[in-house]
Amino acid sequence: MNKLNFFFRDFRPYFISSRLLVFLLFQFTVMHYHLREIIRFSADMNCPLSPWLLPFLFQSIYMQFIYGVSAIYFFSTVPFFQRAQLYVIIRQGRIRWMLGKVLRIWLTALLLPCMEFLVSILVIVPRLDLTAGWGKVLHSLAVTDAASKYGVKVQIDYRMISGFSPDRAMLEIMGLMVLVTAFIGMWMLLVSLCFTRTLAVVSATALAVLPVAAANVHLELPMIVFVSPFSWLNRMLLEGAYRVASPSFGMAMAILITGSALLAAGVVLAIRRTEFQWTKED
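Under the working numbering, the first residue of the sequence shown carries the number 425, and numbering increases by one thereafter.
Read the hints as simulated data drawn from the structure, not as lab findings.
Note that the Cβ used here is the ideal one computed from N, Cα and C, for glycine as well.
Heads up, a few of these hints could be off.
Think about it this way: if two alpha-carbon atoms lie no more than 25 Å apart in a straight line, the pair counts; the simulated SDA-like pairs of lysine to any residue are [as the list claims (entries may be wrong)]:
| no. | residue 1 | residue 2 |
| --- | --- | --- |
| 1 | K525 | R621 |
| 2 | K577 | Y438 |
| 3 | K577 | A566 |
| 4 | K577 | L542 |
| 5 | K525 | I545 |
| 6 | K525 | Y438 |
| 7 | K573 | D591 |
Restraint ranges, calculated between C-beta atoms of paired labels, are given here [to be verified]:
| no. | residue 1 | residue 2 | range |
| --- | --- | --- | --- |
| 8 | V641 | R436 | 52 to 62 Å |
| 9 | T568 | L693 | 49 to 59 Å |
| 10 | G557 | A678 | 53 to 63 Å |
| 11 | I513 | D468 | 29 to 39 Å |
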């Protein structure tokens, strides 16, 4: 129990920090930009909006990219060699200390998608309807030409509405977000341990840019989507809706879980021989 209390005392100031505030403000601004036409359409129809917008938002390659760079920004303190951690390592030992940091990454990966969902609700609060269904507004945008008339930036895909219930779509997109976020955090941790923190940020940023690259070169490089984890946040892509070579939903989940497990094993092996280079950051 004492170890668990210590972990949460260590995790709380890491997560509830200026980085979280920047993350939330950035995501709120970007989501408002993407959703403002839908909000206007909802007001003109005099119908409220359902809160199940994340599956549609992440059909946008730009939302995939923006979430990616935001998550990378949040993980930019890896490998957590802040000088204040020195005495913790002495008390706990290298392996136990690093396992705590791996757990920190996974808990962050669980909470950031929850924050993303919360932000998507806050953006539409004046028009929000806590309904269990997709709602009239999303149905109308999916089956009429209202989206083009209002200049809606988000693709409200009828295939999503007809093929998925809101709870299934949200559960699957949140699951994908958790695993992709954890994979990126673990990737940055291992690269920073084996090489440098700068290379960890640069390589992770390259992964965040891949959805934009894949949208432009997938015909010339059909396998590019298979190495672009942020592209997998588009649930309809994994469903084969775009006739683009891509993993299935099950394959994407398996790749992310297996990849994260291998990265965690690599981190435990790397920490045994890593020379600590302390920073003065909090």
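Each hint tested on the structure:
no., hint, in the structure
1, K525 x R621, "holds (15 Å)"
2, K577 x Y438, "violated (34 Å)"
3, K577 x A566, "holds (13 Å)"
4, K577 x L542, "holds (20 Å)"
5, K525 x I545, "violated (30 Å)"
6, K525 x Y438, "holds (11 Å)"
7, K573 x D591, "violated (29 Å)"
8, V641 x R436: 52 to 62 Å, "violated (43 Å)"
9, T568 x L693: 49 to 59 Å, "holds (56 Å)"
10, G557 x A678: 53 to 63 Å, "violated (31 Å)"
11, I513 x D468: 29 to 39 Å, "violated (59 Å)"
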